[in-house]
Each structure stands twice: as C-alpha cells, then as structure tokens.
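Next come the chains, spelled out residue by residue.
Number of protein chains: 2
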Amino acid sequence: MSTFNFPFSTILVKTIKYPNIAGVEQLLARPAQNLDSLREPTLAVLRDVCSNGDDALRKYTLQFDRVDLADFKVSAAEFDAAEEMLCSDLKQAILLAAGNIRKFHSAQKEHAQKIETMPGVLCWRKSVGIERVGLYIPGGSAPLFSTVLMLGIPAKIAGCRQITLCTPPDKQGNIHPAILYAARQVGLTDLYRVGGIQAIGAMAFGTKSIPKVDKIFGPGNAYVTAAKQLVSNMGVAIDMPAGPSEVMVLADEIANPQFVAADLLSQAEHGPDSQVVLVTTHEPLISQVEQAIEEQLRALPRADLANKSLTDSQILLVKNDDEMLAVANIYAPEHLIISTENAEQMAEGVINAGSVFIGNYSPESAGDYASGTNHALPTAGYARSFSGVSVDSFVRKITFQKLSQEGIRNIGATVAQMADNEGLQAHRNAVTFRIK
Amino acid sequence: MSTFNFPFSTILVKTIKYPNIAGVEQLLARPAQNLDSLREPTLAVLRDVCSNGDDALRKYTLQFDRVDLADFKVSAAEFDAAEEMLCSDLKQAILLAAGNIRKFHSAQKEHAQKIETMPGVLCWRKSVGIERVGLYIPGGSAPLFSTVLMLGIPAKIAGCRQITLCTPPDKQGNIHPAILYAARQVGLTDLYRVGGIQAIGAMAFGTKSIPKVDKIFGPGNAYVTAAKQLVSNMGVAIDMPAGPSEVMVLADEIANPQFVAADLLSQAEHGPDSQVVLVTTHEPLISQVEQAIEEQLRALPRADLANKSLTDSQILLVKNDDEMLAVANIYAPEHLIISTENAEQMAEGVINAGSVFIGNYSPESAGDYASGTNHALPTAGYARSFSGVSVDSFVRKITFQKLSQEGIRNIGATVAQMADNEGLQAHRNAVTFRIK
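Protein chains in written order, with the working numbering: chain A, 2 to 437; chain B, 2 to 437.
Read the hints as simulated data drawn from the structure, not as lab findings. All figures in this text were calculated on a predicted structure; none of them were measured in a lab. A hint or two may mislead.
Identical copies look the same in the list; a pair holds intra-copy or inter-copy alike.
Okay, derived cross-link-like pairs now, DSSO-like style, lysine-lysine, Cα gap no bigger than 30 Å in a straight line [what the hints assert, rightly or not]:
id	residue 1	residue 2
1	Lys-127	Lys-104
2	Lys-157	Lys-74
3	Lys-157	Lys-127
4	Lys-172	Lys-209
5	Lys-213	Lys-110
6	Lys-213	Lys-18
7	Lys-320	Lys-110
8	Lys-398	Lys-127
9	Lys-60	Lys-209
10	Lys-398	Lys-213
11	Lys-115	Lys-92
12	Lys-104	Lys-398
13	Lys-18	Lys-309
Make a model of the complete structure from these sequences and hints.
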C-alpha cells in the first residue's frame, strides 16, 4: 500500500458542466512547456560533445548517471546474459507483442506504382529506408523496453541500414535486461549506454564510439526534448516534437466506470504532468468514475504521480455526441478512447488524434504494448499536424521519372510556356534543346 | 543579349579528376547556411505580428513591399480579372500541368486496411487531411505559379479543409495573374497579399484577417526560412528545412553535352547560391559541356545569376559507374539526373536524392513544371532524412483499434506482463479489470 496522504475526499478532478464549445480550446489549454530556459545549458553540453566526443560522453555519464565507463557499446556477452537472466513470461510477452507490431507495421510498406501521366511520361515513387537512424530510450523510473519494439520494428521494416540505440546506464553501468532482450529480438545490435543530452549530441554529430545518424527518434525528459529540438535546427531530423503524455476518454451511459477510471489512471501514472480528460454526456458517470478512481488509486504504487496529474485534469459534461466529438477534435489528444454506444460511428468523425481506441474493450494500454499499433504518438496538440511513428517515419519516398522522346514532345510546349512565364529561360532550353 | 561581362574564358567550373571517394563528402560540402544572425530580427517581426496582428502586417507590407494595403484578401473580382488577362497558351499549360500533377498525386492516397493482428484485435490507420494549412508563395524576380500547383493540388487531394495562401504584393498591391489563375484552377480561394516573415507569422499565430494554420509549406528567402524554423519551435509544423536549390548530373559517353549544359544552367539560373555538380566517367564530356555552357550562357537573360552559381560548382571525373552512384548517394542531391547507358539500373541504387530523372529525355524542368512529380524537394543534404512534398505531407495517419472481449483476453496477459515490468500498475489494471 502507498503511504501517500490523499489531499482530497471525493471530488478528485475539476468538473465543468455544459461548457460553451467555443471556449473549450481555452478551457483545455495545456500548460505551456517552455524550453527556452533549457536552451543554453543544453547547447553547452551539445557543443562539448561536438568538440570533445567520447571524452565529453564519459564526463557527462559520470556526472549525470554516476558511473565511469570505459566502453559505451553493449557487448554480445551482455546480450547473452540478459537473455538468460530474463524470466520466460516476459520473454514470451515481448515476442507476442513484437509479432503483432510487426504484422501491423509490415502493411505500411508502400510498393512503387508506375504512373504514365501522359504518353511517354512515366513517374513513380519508391520508399527507401533512411540509411542511419538513432533511437533514444530513456532511463528513469521504468525500463521502456516496449519503446525498443515500437521504434526498432518499423526501422527494420523500412530497411534502415544503420540503427543506433542509446539508453542511459544504471549506476553499475548496466542496461536493463528487458531492453537488451527486446533489442536483440528486433534485430538491433548497436546499443550504447549513453543517455540524456549527451546521447542526442553523440547521435547528431557522431563521436569515435557512436556513429552520426540522419534522424533521431524517441521520448525523453525536457532536456532530451530540448536537445532534439536544437539538433533539428542543425541538420538532423527528429521524429516529432515531444510533450507530456495525454488521454481523452469520451464516455456515455454504456461506459464502465471501473474501466474508465483505470484508463484515466493509466495515463496519470506516467508522470505529474500527464494530461487526463474525461468528456461525457452521462452525468451519473462522473461520480461513479471519481469513486472508482479513488478506490483504484489507493492500490497504486505510483499513486503520488497519478494524483498530482489528476489534480490538473478535467471532466467535462457536455450535451450530446456531437459536442463530445467536437471537444475531441478541438483538443487533439494523443490517445482518444471512445466508450460510447455508437463508438465506431463516432470514430469516423475523428479528425485530430494520435491513436483512437474504440469501445469498452480497447484500453490505451493495449496499444501501448501489444495490439500492433505504435505508441510513439504526437502530444501537446501536435496531432493536428503530425502522425505517430510508423514505417513512413523511417523512409524517404523518392520520386523518379523517365520520359521518352514522345514524352518530352508531349510535355515540351507546356514546360517551355511555364518556364518562360516564370522568367527561367534555361529551364525552357532544357526542354526545347531536346525537342529540336 | 545580356550585357554581363564574362570573367572567364573556357574553364567555367572547377574540375576535380579522380577524387578519393572517401573524401567526396568534404569535397562537395555545401556552404554553411547560418541563420543565427537572422534570428533576432526575424523574432522581432514575428512577435510584432503575434501582438499587433493586421496592424503589424500593414506596417511591414508598407516597409518591405512598398505598398499601403487596406485589405489583404484577394477578391473574386481580382480572380476574374486575372483569368481574363492571362494569355490562353499559359492557361492551357497550367491546366495540362495541373492534370498531370493531380494524376500522379492522386495515387498517393492511402486507403485504410484493417488488420487483425490476433483474433479479436483489429487495427487500422486512416489518412485524414490536416485541417488548416498555409501555403507560402514567394515573390521576387519570378511569379512562382508552378509552386501554387505543387502545394495546392496535394493539399486538395489530402482533403485539407482550410487552405490559406500568402504571397507578397507588387508595388501596386497586385498579385501576378498567373498565381491567381493557378490558385483558382486548383480550387484555392483564400489568398492573401502578404509576404516575408510577416506572412509566416500571420499564418502561425493568426490575425483578424488571416486565419491560424497548423502547418506551413513553401519556399522563400533566408528570412522566410528563418521564420519557418522559428515558428516550428512554437507549435506550428513546417514542410521541411529549406536551402538553395541543387542538381547533380551523372553522365557517361551516351550523354548529350548540350542537354547536360542546359540542365546545369537551368539549376544555376535559380540564384547565385544554387548548387550544380556534374559527375562523369567520360573525360571528353567535360570540355564539351563547358563549351556548351559558355554558348548557352551568353544567350541567357539571367546569365549573371547563373554564372555566379557556376563558379561555386564542380565537375568530378570518376573511375566507373559505382563511383558515380556512390558520389550521388554521399551528396544526396535535391535533383539527380542520370544520363548514362544503364540509367535505369543505376537509378535502382539511388538511396539519397529528392527526385531522380532517368535518361537523356528527362530534364529537371519536366519535373519542375509538368510531368506530375512534385518540385518541393529536400535540399542541403536533407534528402538523407526528408521526402519531398506529397499528399503524405498534408495528412496525418491516425491509428485506430477495436478489441472484442476475445481480443482483450488474447492480449491481456501480455499487456499485464509488460506493464508490470515497466512498473506501470495502472496500465496493467486497465487490462485485468476488463478480463475479470
């Protein structure tokens, strides 16, 4: 049992009844995540890694992770030991999850389709894996081996040739065996025990030990987020901007209060800044969910984190299904759970969300781990413009064209006309010389 | 004829014979584009637009575009007038190009495919257009109506609901009729005569006249590029980082020196910082191309721009086809033209490029205008990690899942096991409560 002292009796979460939908954007505004104050200290570490390579990595690993490392790369013997050490139930779970994730992501591979836009003008595009990618797996309170699967599997399907994984070591210099096991199952071999800003710098610039990459993926704390943002302005691509994790649940009278409470808490336990919102048309559900939250919360080891995040969370009571859907599309949640009578129909109307969970038996944690969809998703409203990680994130779609002599004749006058009118005579020549 | 005084006799471009391939990355290093010095002045304009909205737009439009505007939005009457004014040859050309671009991009629409990863676990993803997008079309020396097609057509195919286009006015406050005509053909109606940093700010923050958008697309000068980079750290997505345009031509004995020269010049005329590289295995081609460049250059109205960019360009003589391809993949050019005997086979080996043009009859200008592929492509080596603009750029791929009771039972133990081992008890509960 947690020894946490509950500072509340029954009402846990702020409840707003029948808000004006026009004001919902303001009402649900996320706390601003201001990385400006992290800019200078983060830049200082990045510059040091850029200039001093492995020496800087060693220095910061001693400073932040409290371990003095001779070698960053994880050896084959360590992978072997991890495999031996891990309990077989967890191994089986990782294998089953990996299988589902592989099945879902394999269908995302795009096959080139040649299109003759005019006779003799053949155009197509081909997905080609980004050559060198870097995956960051944070340390901290939980070993995120599930994220190894979520990033490693699409990278492999995409055909990336060089996949580097960085993750911080513990005070003995070790990596959690489940991370090593998951990595090996996915086919990743280049793992480095480096974390934080220094890991992002190592992958962005390259050091003697750690190769430079073209794109960096993965979650992290505010410093890692700031470092990714900074290197993204220095020629390295990143997966997406990051913010605290979030869930919105839409629920009506068919929702089960126990399930709803569990879903809200499973988001809230991620950390004190997690965003949790319940939107319902069914007023009695509110107190039922609140009661269930209170009961479930008492049994949670991470109750303090969860409770902190719940105090910033909200319950909205709205008039009808249309308002529920409108609120979801305005908020653009990372995870959207729809526990309503007409859940599937409502899901059709979702415009802004990272991933949608339909009906009473689709908890967010299914997608977090094992159903097959990716759990690296846009937060902080970025679902309005970003997709979650998929095979797409690990490829470039290169376009190709081959024109025959007939093709250039068919298209030539058009190109010449347009080039002329844009004042680009040499563009015109490139066509007219070929038609002559 | 240009009155430009040629500062060279025969050798125009720096030629390097048989370089060590390991040193090619260094050899072809692009001049660094340092936007740091633009950060503060650009931020100042952005902040002003954020605080003062239309008043700031009016102020900067007077200051930079030399016109005092009462209204930013282009009226229906102006669209009508443009259509009347434009010569029918150009109209036809725009229509033909638009048709090809539409045909090529329509095939990029992804259709949802439901995948049952385990019995009762149904997952799928659906492409949904970004609700609010902003297109920026630069002014300057040429009216880039082709870019209106290249951005507007995929935005429409993607199903974006609100498409805003900003482009700077001339000193009379007008927009070039070809831009208006192209916009109307594509189905764009919300055009605003605002350019530069202030246009990017208007679309990023919204003003009374110009609505806020979620993602901003389009080329621009260094200030526009800096503004896009800055707002991309403030919650608005952008298409890709931008740099000077570039072409690499791979050529052997089957290449036509006139065509190669025209292709190099059609890139060079874009501006003094355009990057132009010829890689060949056929030494005699070098002097032939140089001679053709000199002849063609004399007849070009933009000879001064083209010549400036040529002096920074390079010709590489390499040993064989493998080296040619290796150089292309190291450089990662925006445009890659392959004029070789085995061009199609060589194209198969391309890993890093924005768009590839195969054979003697596929000039870059075909793709710039009318073949159907997109001309908004990654420059500055970003082809290593970014794709060009496509329908993908205008959608989010939202994932969905629906588990049945059988599904949650099939997956439950796995989720519980993994959640336990990541120390996330509430994640476990969300599943176990549903299985009970």
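**Report entry** In rising order, the numbers of the hints this structure does not comply with
**Finding:** 7
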